[in-house]
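Chains as they are written, first to last, in our numbering: chain A, 1 to 172; chain B, 1 to 178; chain C, 1 to 549; chain D, 1 to 244.
Source of the hints: derived by calculation from the structure; they are not laboratory data.
EDC-like cross-link-like pairs, simulated, lysine to aspartate or glutamate; straight-line CA separation at most 16 Å:
#, chain 1, residue 1, chain 2, residue 2
1, D, K83, C, E494
2, C, K188, C, E162
3, A, K61, D, E190
4, D, K59, C, E502
5, B, K4, B, E164
6, C, K479, B, E137
7, C, K484, B, E66
8, C, K501, D, E53
9, D, K82, C, E502
10, A, K61, C, E300
11, B, K2, B, D29
12, D, K83, C, E495
13, D, K82, D, D9
14, A, K102, C, D446
15, C, K381, C, E412
16, C, K46, C, E97
17, D, K82, C, E495
18, B, K4, B, D32
19, C, K484, B, E137
20, A, K26, C, D279
21, D, K83, C, E502
22, D, K132, B, D99
23, C, K188, C, E315
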Amino acid sequence: MPTPTAPTPHPSGDNRFKLLDRAITKHQSRGDALIEVLHAAQGIFGFLENDLLIYIARALKLPLSRVYGVATFYHFFTLKPKGKHTFVLCTGTACYVKGASKIQHAAEECCKVKFGQTTSDNKISLISARCVGSCGLAPVAVLDDHVAGKMTPESAIARLKTWQEQPDEVTT
Amino acid sequence: MKLKVATVWLGGCSGCHMSLLDLDERLIDLADRITLVYSPIADVKDFPRDVDVTLVEGAVANVEHEEFAHLIRRNSRFVVSFGDCAVTGNVTAMRNGLDTEEVLKRSYVELADLTPRIPRDYPTIAELMPQARPLHEFITVDAFIHGCPPTADQIWTAVSELLEGKKPALSHVFLRYG
Amino acid sequence: MTVEDLQELAEQEQARQAKFSHRLMYCSAAGCVSCGSLNIRDMLKKALQEKNLADKVEVIGTGCMGLCGEGPLVKVLPEGTLYQRVDEAAAKRIVDEHLVQGPIVQDNVVDITHPFFAAQFKIVLENCGRIDAERIEEYIAVNGYEALARVVTEMQPGEVIEEVRKSGIRGRGGAGYPTGLKWGIVRKVPSDTKYVVCNADEGDPGAFMDRSVLEGDPHRILEGMAIAGYAIGAQQGYIYVRAEYPLAIERLRLAIKQAERVGLLGNRILESQFNFRIDLRIGAGAFVCGEETALIRSIEGRRGRPRPRPPYPSERGLWGMPTLLNNVETFANIAPIIRNGSSWFNAIGIPKSTGTKVFALAGKIRNTGLIEVPMGIPLRKIVFDMGGGTPEGTEFKAAQTGGPSGGCIPAEHLDVPVDYESLNAVGSIMGSGGMIVMDSTSQMVDVAKYFMDFCKDESCGKCIPCRVGTVHIHGLLEKIAAGKATTDDLGLLEELCVMVKETSLCGLGQSAPNPVLSTLRFFRHEYEELLKQPETFVPSGNGNDPTTH
Amino acid sequence: MAIVTLTIDGEQLSAKDDESLLQVARQHKIDIPTLCHLDGISDVGACRLCLVEVEGWTKLAPACTTRPLEGMVVHTSTDRLKKYRRMIVGLLASEGNHQCAVCTVNNHCELQNLAYDVGLLYVRVPYLYPDKHIDASHESFILDHNRCVLCTRCVRVCHEVEGAHVWDIAGRGIDCEIISDLNQPWGSSESCTSCGKCVLVCPTGALVKKGESVAEMEKHTEFLKYIVTARRKGEWISVDTDEE
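Please construct the entire structure, taking both the sequences and the accompanying hints into account.
Here you go:
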């Protein structure tokens, strides 16, 4: 279905905006598709920068404050870039009963940041999840998108240490 | 028998005590009926035991205040939070969002006229608590006199009721913050 | 597609499956995938190739098989032999020994006569672990969409609702509102546009019932929703599913596409006059969106903040239109009810709570995993017979049902039948199906603190009692746990809990204090042991030390 | 619209069934405390101060979004309700940094008045003393988050009456905050028309005019009725509003 106004290319020339436009067009630029579009944007860009939020607000014809309000209401959306590695600790009830809090303390101690934060060298983000649904393997962590069950504080620290000791990549 | 009354000045501006002095000629009346056993306006060093009523002005802002609050509680039959700082933290608590170090620097260094220096090396100066907090968060408080400062009339009503042996119900009449 | 086409499709698939001597079902749900079931799949395929069995034996990824603590799981059909902790060597042995020679691999076989399996009654999970969730044909081959076919060709909407009402099924999302009654209400509201919404925002931490159904048998939900749409007069359905369940989302997308392709969703379904479409809406991590008015706002692309009811969604829901909202497990029960009749369903469970309930059994218990049991089963049977009791050397202390909105059930109430009313009577709720077992090592003040930490983080912030009250309840629990609280603090805690429960706007706030209230009810001594008396006046005659300043 | 007969606090009253219990009560000089409610903008039922008891109902009902029903028996100030209202105002007081003594709306503040109405002698829960900031970037107004009670009156008046939707709420739970546009300084907002309606409807000193000193600023909410007369009266108890 042709859209009434073809989106003009983003002035930055960033091709990722084309992908985003596709997602927006798929929802006919409807305001009620805001959450869907934010999902798409985060999938494409990794996180939701202010510029991106403005772009989405304009495209969906929504007030800026509503877009910001929605983006900050849902924990899935992040307005800051994530670290190179992500350590997602499940804090669901089963994991809690099996001692997830000990792992939490160990990880925070090891990385010197709290859960919900990223280390200052941008290497590791500590994230807590409410339940990853693998309760039989509690306590569970998701290490760079890989589910690891029956975690211990020691195994958590071991993994974090290997991440910390990885040399910095040369950025261009 | 005269009622033994103490007044205490913790983290506050002493405005509540000024308001107490605003009782004016009623002070003479009061003097006949109470003994002021401890007060910033009386030269008594130690907080006595078996005090009947203690009015506490100010928030609990440093470690000495906290310790003192407990002593007041043990030694007083009736403890009254006297003024908004004691009741809510009020202006004293406005520094609570700041780091204590910043607060000290601002007060003792940046705003100092003479010898800008944080007075850390005097053991007699109590350490600031991270937050100034109302009295009732530390000890059980029996009555509250509101206002910043409470008016002389409020104070007079409260004290009069206390002298009659009643727990002051003034707060409903005189309830006013600020 | 006509009803005859549907039958033909089922027969074709049955015939296709009959060509295989065996079907190897490996569990491809999140639990087993995380212990390497995909690797096991490759091993099985490789082993089959080596034995030239690739044409005779099919390898299929299925939904959750239940015994999540012992994965990866592999099931051999038609025998139904279940293997646990299948590693590479075991995978090879299953092919070499079981498939080629015949004897089952004793080292890995699971005793399915154990009460964990034997005491189950599967309706919702009947296809989980039995079919390939990614092929609509497999669902059709096991009587899938038969109920929808009957509904659109033979039944009037009123008859469908009557059948659901007579089945006695109650909402499986937690509150237990009679489903048939709800459908009837939405049907009666006059409106050209109505919606069916499936709540798949399973947010209870420690529960994964809905995810297992969505991953293992997505068409069952589509069928249930389409039947609901026909009954209430809706043409559009939405499934609101959590973003945390990527596999479920993927399978649902696929399932919708397949159903549309063969004409089981879309216009003129099965050549009737009934049109019904389903779209997915992806949640973004907010527990409160399980609350119906918040969920509706979220579908509308807004902050998921609840609003006061009435008006109820059945009257004014999505975009102001009458909306029927049920959860995954409720919809999953619909097709079997229509297929087998309400009296069949009615006979399962107990009179006021009919049918079955799926529970995610976890915590300090030997057998963790997913179970489906008839309503009214004693809790003791679940915990001890099926779950195998608490680990060696510890004692059962309590079972938490209903997650952060529920309560704990102590040992003295272990004989409580698991149904809506009985659980309420002991201060808990049925909830969506999380069941966490705690043993003598669990500190109940800590448990309450854990749930309150969850609730304060998940509070949307709209109403004051929940936004601020939960923070203070949590703070008081921390103070108590740290041994700094007095008896006055405990009094305040109780008052706050009751206030938050009675004054909060939505179900999240109204139920947030439940874990505190229920642990206080049964384990008050654990709180009291941590308290001290508030300081009071000490007359000078009593004190020895001269306390001076 | 129909006329129903109901009982509020022992008094038999007639009411239109498209009004709210709150409107009915106020018409009969029965005072129910409110905070998020404001005549002229939609209701959200968020502050929970107007909760009333209805005989036969298991839950308390917010008067602002509940319609009168035939035969309904309502109690607006039972001991239980009074206690809850006091606790709720206490929670609000603990949540922000409200130093009445140094507030420009001292003695003209709805929160202050509520504290007196409900008899808030002291706040029983510990003060949270949150670290909130002040936005003084707007040329005419100031936003002080310390004094915000998140009633969302500003959000609603800006959206429903001014049509600008400058304000919304960001975050969740105790971290909720009023934001302008993209959580940017108010002065840099492109959507703000500087009409000042938000300032006038704010019940506390969170939104104030610049240049007013302590206890000088009075709020004016009565302007709304001149702006919104065109709307149907019954619309105000639409609870499914476009707020946020």
